[in-house]
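S.K.: Residues per chain are reported as follows:
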Amino acid sequence: MSRKRGKLRLLTGRDKAVLTAMAGVPALLTTALIWVPALGSIVLSFSKWNGIGGFDQIQWIGGKNYYNITHGYPPFAPAWHHNLIWFAVFVLIPAPLGLYLATQLDKRIRGSRIYQNIFFLPVVLSLALVGFMVELIYAPEQGLINNLTGHTKPGNLVDWIGNPHLNLFAVLTLAVWRQTGYVMILWLAGLKAVDPALREAAALDGANEWQTFRRVVLPSLRPVTIVVTVITVVETLRAFDIVYVVNRGKNGLELLSTLITDNIVGEAIRVGFGSALASILLVVSLLVIVPYLVVTFRRDD
Amino acid sequence: MSSAQNSPYARGVSRRSLFRGAVGLAGVSALGIPALSACSSSKSSGGTGGDAGAATGTVTIGSNGSDPVPKKAFADLFAAANTATGLTTTVNTVDHNTFQQNISTYLQGTPDDIFTWFAGYRMQFFAQQGLLHDVNDVWDKIGGNFSDAIKAQSKGLDGKYYFVPDYYYPWGLFYSKSLWSSKGYTAPTTWDDFITLCKKMKSDGLSPVALGEQDGWPAMGTFDYINMRTNGYQFHIELMQGKQAWTDAKVKATFDHWTELLGYTSPGANGRKWQDAVTMVMNGQAGMCVHGLDQAGPVFQQAGKSDDLDFFAFPAIDPANGQDAVEAPIDGWMMSKKPKNHDGAVKLLQWLGTAPAQNTYLASSPNDVAAASNPDTSKYNTLQKKSIEFVSSAKQISQFMDRDANPTFVSTVMIPALQKFIGDPTSIGSALSDIESQKKTIYAG
Numbered sequence: 001m002s003r004k005r006g007k008l009r010l011l012t013g014r015d016k017a018v019l020t021a022m023a024g025v026p027a028l029l030t031t032a033l034i035w036v037p038a039l040g041s042i043v044l045s046f047s048k049w050n051g052i053g054g055f056d057q058i059q060w061i062g063g064k065n066y067y068n069i070t071h072g073y074p075p076f077a078p079a080w081h082h083n084l085i086w087f088a089v090f091v092l093i094p095a096p097l098g099l100y101l102a103t104q105l106d107k108r109i110r111g112s113r114i115y116q117n118i119f120f121l122p123v124v125l126s127l128a129l130v131g132f133m134v135e136l137i138y139a140p141e142q143g144l145i146n147n148l149t150g151h152t153k154p155g156n157l158v159d160w161i162g163n164p165h166l167n168l169f170a171v172l173t174l175a176v177w178r179q180t181g182y183v184m185i186l187w188l189a190g191l192k193a194v195d196p197a198l199r200e201a202a203a204l205d206g207a208n209e210w211q212t213f214r215r216v217v218l219p220s221l222r223p224v225t226i227v228v229t230v231i232t233v234v235e236t237l238r239a240f241d242i243v244y245v246v247n248r249g250k251n252g253l254e255l256l257s258t259l260i261t262d263n264i265v266g267e268a269i270r271v272g273f274g275s276a277l278a279s280i281l282l283v284v285s286l287l288v289i290v291p292y293l294v295v296t297f298r299r300d301d
Numbered sequence: 001m002s003s004a005q006n007s008p009y010a011r012g013v014s015r016r017s018l019f020r021g022a023v024g025l026a027g028v029s030a031l032g033i034p035a036l037s038a039c040s041s042s043k044s045s046g047g048t049g050g051d052a053g054a055a056t057g058t059v060t061i062g063s064n065g066s067d068p069v070p071k072k073a074f075a076d077l078f079a080a081a082n083t084a085t086g087l088t089t090t091v092n093t094v095d096h097n098t099f100q101q102n103i104s105t106y107l108q109g110t111p112d113d114i115f116t117w118f119a120g121y122r123m124q125f126f127a128q129q130g131l132l133h134d135v136n137d138v139w140d141k142i143g144g145n146f147s148d149a150i151k152a153q154s155k156g157l158d159g160k161y162y163f164v165p166d167y168y169y170p171w172g173l174f175y176s177k178s179l180w181s182s183k184g185y186t187a188p189t190t191w192d193d194f195i196t197l198c199k200k201m202k203s204d205g206l207s208p209v210a211l212g213e214q215d216g217w218p219a220m221g222t223f224d225y226i227n228m229r230t231n232g233y234q235f236h237i238e239l240m241q242g243k244q245a246w247t248d249a250k251v252k253a254t255f256d257h258w259t260e261l262l263g264y265t266s267p268g269a270n271g272r273k274w275q276d277a278v279t280m281v282m283n284g285q286a287g288m289c290v291h292g293l294d295q296a297g298p299v300f301q302q303a304g305k306s307d308d309l310d311f312f313a314f315p316a317i318d319p320a321n322g323q324d325a326v327e328a329p330i331d332g333w334m335m336s337k338k339p340k341n342h343d344g345a346v347k348l349l350q351w352l353g354t355a356p357a358q359n360t361y362l363a364s365s366p367n368d369v370a371a372a373s374n375p376d377t378s379k380y381n382t383l384q385k386k387s388i389e390f391v392s393s394a395k396q397i398s399q400f401m402d403r404d405a406n407p408t409f410v411s412t413v414m415i416p417a418l419q420k421f422i423g424d425p426t427s428i429g430s431a432l433s434d435i436e437s438q439k440k441t442i443y444a445g
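Those protein sequences? They're chains A and B, same order as listed. Reading the first sequence from the start, the letters are residues 1 to 301 in UniProt numbering. Reading the second sequence from the start, the letters are residues 1 to 445 in UniProt numbering.
The following block holds chain B by itself, in its conformation from the complex (with noise of 0.2 angstroms):
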């Protein structure tokens, strides 16, 4: 715990704390999920938000959606968005890896007004570096769209907001409902339910869980739950934003479950790609996968079989933290420090932070969900119905270890020490404590 002192992120207020008082500020009910309210009108003309509603001229607007089928939903956005604000806009493509990799020369060059990102510490660590400019005002008015679980996702860590969600995904355990009926399966809630499933699907001769490690980050899904399972949400935070230590026995005991569960997991994980691991769930080889709609759907999507394809929550391990935490990456936007046009993106920011608008953009992509909480599901298909009640019955959301931790300690430290775990169980115990003082090293500059 010494580290903490030293953690950029250790502060006199809690992260807790922070959330309180600014949901207070933003006048927001504290729980469940706030109804349509009265600041949700989904057009933000002649809005209350101050002079933004009268805002004009053009804004601009850093895309990383530079795949057809995003770059097609941008494109239909923002027309519909120039008819919703009286905007002009103008959007900026680049390509989706690069976009990233580039992420901080572009914020200290001239970037766009606003732009695409992730919620989490990966949103959080540019805000602390003075890269980007609150949202606050924004957030006035699109307030009582949001969910409190996703409104926690938007702010740094100095409690102002800096991200306005756009849509999110699921994680969970997806299977084919064909080969589970046939073999007469049900979804486990306990782990102990969970390894006894897994054990009848090793003697029906099915590789229990399938997995596809080779480019490093799928595990992390399976790592995130397991931890929030067996040490709730709080510690599995804390732990990502380098305030709790890896040697601590919680996280060997997390390693530990896990230990058990790579006995019904596909063997040659690491040199798998995820794809081939959801189409062994697909074809029957497999009996679950740990993954995000986001990835599962497309591969069911495109064979045809997206009505074969379904999900369950992990299993509890701790009852004290139950299956409380769900794992759900949001898309977004935030606002770059020096926007030229200031009023005009909070007025586009505003429009972009409600149902209608998120549905247009998700009009083309059936495995994602509006951010917002009361979108209009007409169009929706199950498993995106699904995704809403599983997401908004979560008492906590987490974002996915390189969304919830920084990026250099995820992509240096733990894409290794995760695929040598995978590889060698019994390798973890000298590795935490090597995972523990690079975290050091790397969380202290």
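In isolation and in its complexed conformation, chain A is listed as follows (with noise of 0.2 angstroms):
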């Protein structure tokens, strides 16, 4: 440590400069595009206004936004049952499918390249184009599923999108094909990192295919583990693209990102209302985020 001292006392004036520049503007950036907004929405969460005219017109109203969304705001209680259903998914299908597929992929396998490029795929849709997607195969009358199953005519008909018991699988089987290529990625970049004398070494030792992955891969892929399971827990929580496009995230696709955006995009809106629903998702992420950050930090010390 006291070497690290005297090197910084050993800097010139024009390095403090570019330090100055090279970790000053991303904080200022920070501050001011990140945190004075987030802690904005906080304020405004106590206020009542509907963005029109100056910071006069905000009227003070206390915790009332809070009592309100708890009490008189039938969409909520759903929305956190349906975020929680989606990170269980999430949990249980595209990381260890991703971890799958990624093992499968590593081992160089004929058209490997082929593959890797089919399972990445939908990654790189645009949203537009899975929503479109989501009517051609789940349309009542004319979608793909209910036309090869036979399940077009009013009496036998299968609402995938409109009941709400199905369409939020539904969708989820989307959400998680798409998911599932990006964590194959996350792991099979983590698998080319794996020191292939580990494996040597384990092989040499008797170990069989299973036992060197369980005891000697996957070991050594915890740094990939923690990314994968923090960009789990971040895209349960911003999860909205997909659900907004099929119907706005209404009818038994709500999730906490879209009641947001029902209350402050449009034409008109409830600044105070949709802000105490950001701050309660913000405390939620940081609930997440910040146990994250305190391991990775210990840990680099």
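Just so you know, these hints were derived from the structure itself, not from any lab. A virtual CB, placed ideally from N, CA and C, is assigned to each residue, including glycine. Incorrect hints may appear among the rest.
[What the hints assert, rightly or not] Just a sample of chain A residues kept apart from chain B, beta carbon distances all over 10 angstroms, derived:
| id | residue |
| --- | --- |
| 1 | T12 |
| 2 | A27 |
| 3 | I42 |
| 4 | R110 |
| 5 | I185 |
| 6 | P196 |
| 7 | G206 |
[To be verified] The calculated DSS-like cross-link candidates involving lysine-lysine, where the alpha carbons are at most 30 angstroms apart (straight line), are:
| id | chain 1 | residue 1 | chain 2 | residue 2 |
| --- | --- | --- | --- | --- |
| 8 | A | K64 | B | K440 |
| 9 | A | K48 | B | K338 |
| 10 | A | K48 | B | K243 |
| 11 | B | K395 | B | K160 |
| 12 | B | K395 | A | K153 |
| 13 | A | K48 | B | K440 |
With the hints as a guide, bring the two chains together.
M.R.: Here it is, written out as structure tokens:
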């Protein structure tokens, strides 16, 4: 440590200017573009404002927005519920499936590049296109599934998008399809970085393939595992695009993110109410991210 | 009703009397459609509208006509405007949905002199926020061009004009003529006949009423009509404006009628796009659908079946209300608070409020009708002509739930509530008190 401090004293004026610029500018931008608006939202969450006129138009109403959200806003409870289901599904399916696909691709089987592209392709599709695919696959009379299975008549029609008990899972199927490719690429990058010497050593010690994977490869993937966990949480909390394209997050597809958009984007808006919803989401995100940062920094020490 | 006292819309003067007063001021005959009168000169040059007739310079226009067809129509319209008024017009086109979503930011920034918008509460809200300039001096000149019902839709809650109507389209029950003649169906005028027809269609193996509610708004047309037929126009509009309670037994009666109709509505409505619902009608899978000409028209048009499309008025439920009210959303123009060229904007709006200008725009859109009551209909198709008659004979005109009510209330409360009702009609009993309590918090601010 003392050597470091000694070095610092040797910095020239120019070094200091460069360092200030490189650390200061991002810090300023982060503060101005992320933390000031975030704190602003928290302040506004105690207000009532339709976004028209100056700040003098804002009425301060205390915690009333939070009371209204929890006591008189029917979509709030379902939105929580759906975010939790989303998380559970993302943990149970794309994360392990992505790992499985990555390990298979890592074996350099013939055409692995092609498979890799096929699995990764959904990640680069625009949300508008995915929304269009939802229509093609699930539409009641014109959709692929109902036509293949013969469920297009009024009596036996399966309402994939409109039935609030089905549509979340219909949409999650596509979300999982996209997420799996994303997670797979992360795992694959991690696997490529695993030192081949470790595997050789395990093989020399007589470990079979499963044992090698379980005892050697997986532990050395720990940094990637953390990244995938964080990505899964983050993608759950910011899940938005697919449900918004399908039906703007209504009727069984409510998520916290769509409730916020509903209230603060539009012609006549409830800035205070929407900010209160956003503040709730912010607190939940911090509850996840702060422990992650604490763990990461502690390990770096 | 206690909420009415807290409501920003509760005023000493009723809407109706404001309307009457303003009509008196404008010096217009009280009833019916005014004929082409002295003040209907189609060009505003050298008119009587004060100094606006002499105005020159550039007028800027904000347009939401971002799709290719309206974009070209606007280009044609303003080319004609330059010639007719001697003004120079500059059109700023913004993506259709973005324009609407950003409207309050737009109006508080540096808006164009005039811009495209919609009649109803959706206009009155922004007038009341002080973001608009009144257009009374425009109406001094164009007053004779419009029917009273359309005039009433052009005023703010303060009785001043804020809106210049451009075109409208009617909502009704749309059907395929060939299907109906082959099965021998006739258009019902009462609820009982309507239900009888639905039963017959069902026994013929059809889905009587097609509905595609995935986007959340199409079912609002059905609600508006059933509510206006059950409880009358006045109650409906007051309900939309937050002055009546959703827990009122009258609203329950509306949903009871709708529940009966849902028994004949295509299942799976919440998962169907409205285009697919219209297509079911076109292909003979469904008997009819509640829609606007602006939606049903293009679907039939693209399939080359425009001649097979027809519509009829939503049947009467309570004879006291008959089939008086017609839902006909009107699109048009408004002036921003501080236009850079006020006189030029007035002059341009005076021209835009004439039938020839409106038909210039509509030349490429056969699914709307000029809002002026004296358009040259020689190029109109049968349905356009029928629409004029249909709307002119209306005693009252409603816009649409999302134009007559607070937009936040509609998107955050009514869309979820209607979709839930359609999925499970029994849920409405408890939903109405939820709607009412949310309405109170939203309309109060």
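S.K.: All hints are to be evaluated individually against the structure, with a verdict given for each.
M.R.: Outcome of the hint check:
At roughly 47 angstroms from the closest C-beta of chain B, the C-beta of T12 of chain A stays outside 10 angstroms, upholding its exclusion from the interface. No Cβ of chain B approaches the Cβ of A27 of chain A within 10 angstroms, the least distance being about 29 angstroms, so the stated non-interface status holds. At roughly 19 angstroms from the closest C-beta of chain B, the C-beta of I42 of chain A stays outside 10 angstroms, upholding its exclusion from the interface. Even its closest Cβ contact with chain B, about 42 angstroms, leaves R110 of chain A beyond 10 angstroms, as expected for a residue assigned away from the interface.
The Cβ of I185 of chain A sits about 33 angstroms from the closest Cβ of chain B, beyond the 10 angstroms cut-off, so the non-interface label holds. At roughly 51 angstroms, the least C-beta separation between P196 of chain A and chain B is larger than 10 angstroms, which holds for a residue marked as non-interface. For G206 of chain A, the non-interface assignment is confirmed: its Cβ lies about 56 angstroms from the closest Cβ of chain B, beyond the 10 angstroms cut-off. For the hint linking K64 of chain A to K440 of chain B, the alpha-carbon distance of about 13 angstroms falls within 30 angstroms, and the restraint holds.
Note on K48 of chain A and K338 of chain B: the hinted pairing holds, with a Cα-Cα distance of about 27 angstroms set against a maximum of 30 angstroms. Of the pairs offered as hints, the one joining K48 of chain A and K243 of chain B holds, with about 21 angstroms between alpha carbons and a cut-off of 30 angstroms not exceeded. Restraint check for K395 of chain B and K160 of chain B: the C-alpha separation of about 21 angstroms stays at or below 30 angstroms, so the hint holds. Taking the CA atoms of K395 of chain B and K153 of chain A, the gap is near 40 angstroms; set against the 30 angstroms cutoff, the hint is violated.
For the given pair, K48 of chain A sits about 13 angstroms from K440 of chain B by alpha-carbon distance, which is consistent with the 30 angstroms threshold.
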